[in-house]
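Using the sequences and the hints, build the whole thing.
If you want the building blocks of each chain, they are given just below.
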Amino acid sequence: MIIIGEKINGSIPAVKTAIENRDAAFIADRAVKQTAAGAHFIDVCASTAPEYEVETLKWLIDVVQDVTDTPLCIDSPNPRVIEAVFKYANKPGMLNSISEEGDKCDVLLPLMAGNTWEVVGLTCDDRGIPNNLETKLDITKIMVEKADKYGITPDRIHIDPCVMALSTENNSMLNFAEEIRSIKALFPTIHVTGAISNISFGLPVRGLINKTAMAFAIQAGMDSAVMDPLNREMRETIFATYALLGQDKHCRKYSKAFRAGQIGSVGNK
Amino acid sequence: MLKIADLGQFVIDGDEQGIIDHVNLLIEAKTDPIAIINEGLLSGMNVVGEKFKNGDMFVPEVLMAARAMNAGMAIVKPLIADQDMPSLGTIVIGTVKGDLHDIGKNLVVMMLESAGFKVVDLGIDAKVEQFVAAVKEHKADIVGMSAMLTTTMTYMQEVIKACQDEGLSVKYLVGGAPLSPAYSEKLGAIYAADASGAVDTAKALTA
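Chains as they are written, first to last, in the UniProt record's numbering: chain A, 1 to 269; chain B, 1 to 207.
You may find that some hints are simply not true.
Unchecked claim - Simulated DEER-style distance windows between Cβ atoms:
| no. | chain 1 | residue 1 | chain 2 | residue 2 | range |
| --- | --- | --- | --- | --- | --- |
| 1 | B | Lys-186 | A | Gln-219 | 46 to 52 Å |
| 2 | A | Lys-146 | B | Lys-203 | 47 to 53 Å |
| 3 | B | Ala-204 | A | Ala-14 | 28 to 34 Å |
| 4 | B | Glu-28 | A | Ala-195 | 33 to 39 Å |
| 5 | A | Ala-49 | B | Ala-207 | 27 to 33 Å |
| 6 | B | Tyr-183 | A | Ala-215 | 35 to 41 Å |
| 7 | A | Asp-148 | B | Lys-186 | 56 to 62 Å |
| 8 | A | Thr-17 | B | Lys-203 | 27 to 33 Å |
| 9 | B | Lys-186 | A | Ala-113 | 52 to 58 Å |
| 10 | A | Thr-153 | B | Lys-186 | 43 to 49 Å |
| 11 | B | Glu-50 | A | Thr-17 | 28 to 34 Å |
Claimed, not checked - Here are the simulated DSS-like pairs of lysine-lysine, each with C-alpha atoms no more than 27 Å apart in a straight line:
| no. | chain 1 | residue 1 | chain 2 | residue 2 |
| --- | --- | --- | --- | --- |
| 12 | B | Lys-136 | B | Lys-97 |
| 13 | A | Lys-146 | B | Lys-97 |
| 14 | B | Lys-203 | B | Lys-77 |
| 15 | A | Lys-16 | B | Lys-136 |
| 16 | A | Lys-58 | A | Lys-87 |
| 17 | A | Lys-146 | A | Lys-87 |
| 18 | A | Lys-16 | B | Lys-53 |
| 19 | A | Lys-16 | B | Lys-186 |
| 20 | B | Lys-171 | B | Lys-118 |
| 21 | B | Lys-171 | B | Lys-136 |
| 22 | B | Lys-139 | B | Lys-161 |
The set of hints was computed from the structure by calculation and includes no laboratory data.
Computed from a prediction, not measured in an experiment: that's the story for all the values here.
Glycine included, C-beta positions come from ideal geometry on N, C-alpha and C.
Spelled out as structure tokens, the structure:
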């Protein structure tokens with residue numbers, strides 16, 4: 001499971017305050033803790049008013065790179081903001097995100113030619129998030145074709161099929177699993193990612209829905225996730241799911257995780 | 001003997017068939033259709049709104065309740081002349097230009113309708129001209145705007161300016177993840193944090 005740590009995002013109230021006060025220690029602490037918890041990428045998203053977004057994102061990038069070598073996931077709804085701060089990353093990471101909305105692909109894909117940067121691709125376009133599998137697959141194909149023109153192979157693309165809330169769409173998990181399977185069938189080396197916590201919007205005990213959904217998604221082939229790497233229950237579910245699916249030989253990773261105190265009740269070891 | 005007030009429980013339970021059966025029985029018994037709406041359907045939905053706000057009911061249950069209420073509305077509406085339809089006010093609402101997010105906005109629409117507002121939904125990617133035209137056509141009391149992106153929330157300013165330039169006297173209700181009470185105040189709008197907050201705010205603005 002490729003973990004994209006989601007804890008440095010200006011839409012989180014405590015992070016928003018830290019950004020406003022330029023509290024570097026607070027941001028740095030979140031970067032260090034996510035790295036220690038096994039994050040493969042650290043997402044940085046400013047979520048400020050547009051006129052401050054570039055300078056805020058640059059500041060976040062500087063603070064995070066000061067304390068960790070974990071690659072960044074540069075996150076903005078505006079591709080020109082990503083383009084503007086791209087040069088401040090001191091090693092290849094991930095761009096978050098392209099889709100078929102506006103000219104996102106035209107702005108961001110050229111940045112990824114001739115290097116090892118990866119990218120999140122959302123299956124939506126100028127009409128919104130499609131409510132059917134065919135359109136999501138069509139958008140995936142278009143993005144893969146556009147990426148290919150810049151020499152970007154599918155294994156550098158993380159497709160996010162945009163999971164819907166179970167509270168408003170009763171088949172959201174079943175649809176999500178079908179989307180994951182179909183995308184993987186089309187492009188076996190592509191990654192499928194997602195912010196799984198969207199699925200529990202509007203329901204009580206969201207963590208329970210989230211971790212159960214994670215197990216189903218992993219079984220369907222999801223191999224990348226935008227999540228809180230410090231969420232112990234989610235981490236436990238991921239270890240258990242891989243073991244149960246026969247993808248953790250002799251359950252060694254599961255057992256090691258226990259000995260390392262990563263799973264099981266705190267203080268058990 | 002069936003009472004109008006009993007309809008409320010069917011709404012709360014999200015029992016669509018129960019609503020259909022009992023609204024039909026009440027109409028056969030010559031019950032006032034407006035009373036069916038006010039004392040039956042809407043009063044049930046008010047309880048749902050309260051329970052939702054307090055965390056005792058959840059989105060799927062609220063959706064079921066709204067569906068049941070709307071099934072009842074569909075039966076009584078044709079029996080009431082347009083000008084007699086009870087309404088707390090008219091709200092033109094949309095997710096602003098460049099923004100395609102509508103789960104939250106749809107929930108707000110549903111809650112406002114359930115509370116007794118007439119709602120004109122412009123959908124997603126709604127442009128200045130659409131807001132202005134709809135406010136004029138429906139003589140709206142409130143313009144509701146939703147945005148999920150920092151890049152699109154600034155568009156709200158343009159909508160408000162256009163409405164002001166046209167001399168339209170409306171109030172502005174805004175919401176969405178990137179917005180804050182402070183930013184909304186700067187726009188000259190009132191911020192609502194969630195769907196039940198939007199209903200409370202809309203009620204206060206039209207009171």
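Each hint, compared with the structure:
1. B/Lys-186 and A/Gln-219 have their C-beta atoms about 48 Å apart, which keeps the hinted 46 to 52 Å range intact.
2. For A/Lys-146 and B/Lys-203, the hinted distance range of 47 to 53 Å is satisfied, since their beta carbons lie about 48 Å from each other.
3. The hint said 28 to 34 Å for the Cβ distance between B/Ala-204 and A/Ala-14, and at roughly 30 Å that hint holds.
4. A beta carbon spacing of about 51 Å between B/Glu-28 and A/Ala-195 contradicts the range 33 to 39 Å that was offered as a hint.
5. A hinted range of 27 to 33 Å for the beta carbons of A/Ala-49 and B/Ala-207 is consistent with their spacing of about 32 Å.
6. Taking 35 to 41 Å as the suggested C-beta distance range, the pair B/Tyr-183 and A/Ala-215 conforms, at roughly 39 Å.
7. Between A/Asp-148 and B/Lys-186 the C-beta distance comes to about 45 Å, which lies outside the given range of 56 to 62 Å.
8. Between A/Thr-17 and B/Lys-203 the Cβ separation comes to about 31 Å, which falls inside the hinted range of 27 to 33 Å.
9. Hint check: B/Lys-186 to A/Ala-113, Cβ distance near 41 Å, so the stated range 52 to 58 Å is violated.
10. For A/Thr-153 and B/Lys-186, the hinted distance range of 43 to 49 Å is satisfied, since their beta carbons lie about 46 Å from each other.
11. At roughly 32 Å, the beta-carbon separation of B/Glu-50 and A/Thr-17 lies within the given 28 to 34 Å, and the hint holds.
12. Between B/Lys-136 and B/Lys-97 the CA atoms are separated by roughly 19 Å; this keeps the pair inside 27 Å, and the hint holds.
13. For the hint pairing A/Lys-146 with B/Lys-97, the CA-to-CA distance comes to about 26 Å; that is within 27 Å, so the pair holds.
14. Under the criterion of a C-alpha separation no larger than 27 Å, the hint pairing B/Lys-203 with B/Lys-77 is consistent with the structure, at around 22 Å.
15. At most 27 Å may separate the alpha-carbon atoms for a hinted pair to count; A/Lys-16 and B/Lys-136 exceed this at roughly 38 Å.
16. As the CA atoms of A/Lys-58 and A/Lys-87 are separated by approximately 10 Å, the hinted pair is consistent with the 27 Å bound.
17. Proposed proximity of A/Lys-146 and A/Lys-87 is supported: the alpha carbons are some 22 Å apart, at most 27 Å.
18. Distance hint between A/Lys-16 and B/Lys-53 is fulfilled; the C-alpha atoms sit about 25 Å from each other, no more than 27 Å.
19. Proposed proximity of A/Lys-16 and B/Lys-186 is supported: the alpha carbons are some 18 Å apart, at most 27 Å.
20. As the CA atoms of B/Lys-171 and B/Lys-118 are separated by approximately 15 Å, the hinted pair is consistent with the 27 Å bound.
21. Restraint check: the Cα-Cα separation between B/Lys-171 and B/Lys-136 comes to about 14 Å, which is no more than 27 Å; the hinted pair holds.
22. A hinted pair counts as satisfied when its Cα atoms are at most 27 Å apart, and B/Lys-139 with B/Lys-161 qualifies at roughly 18 Å.
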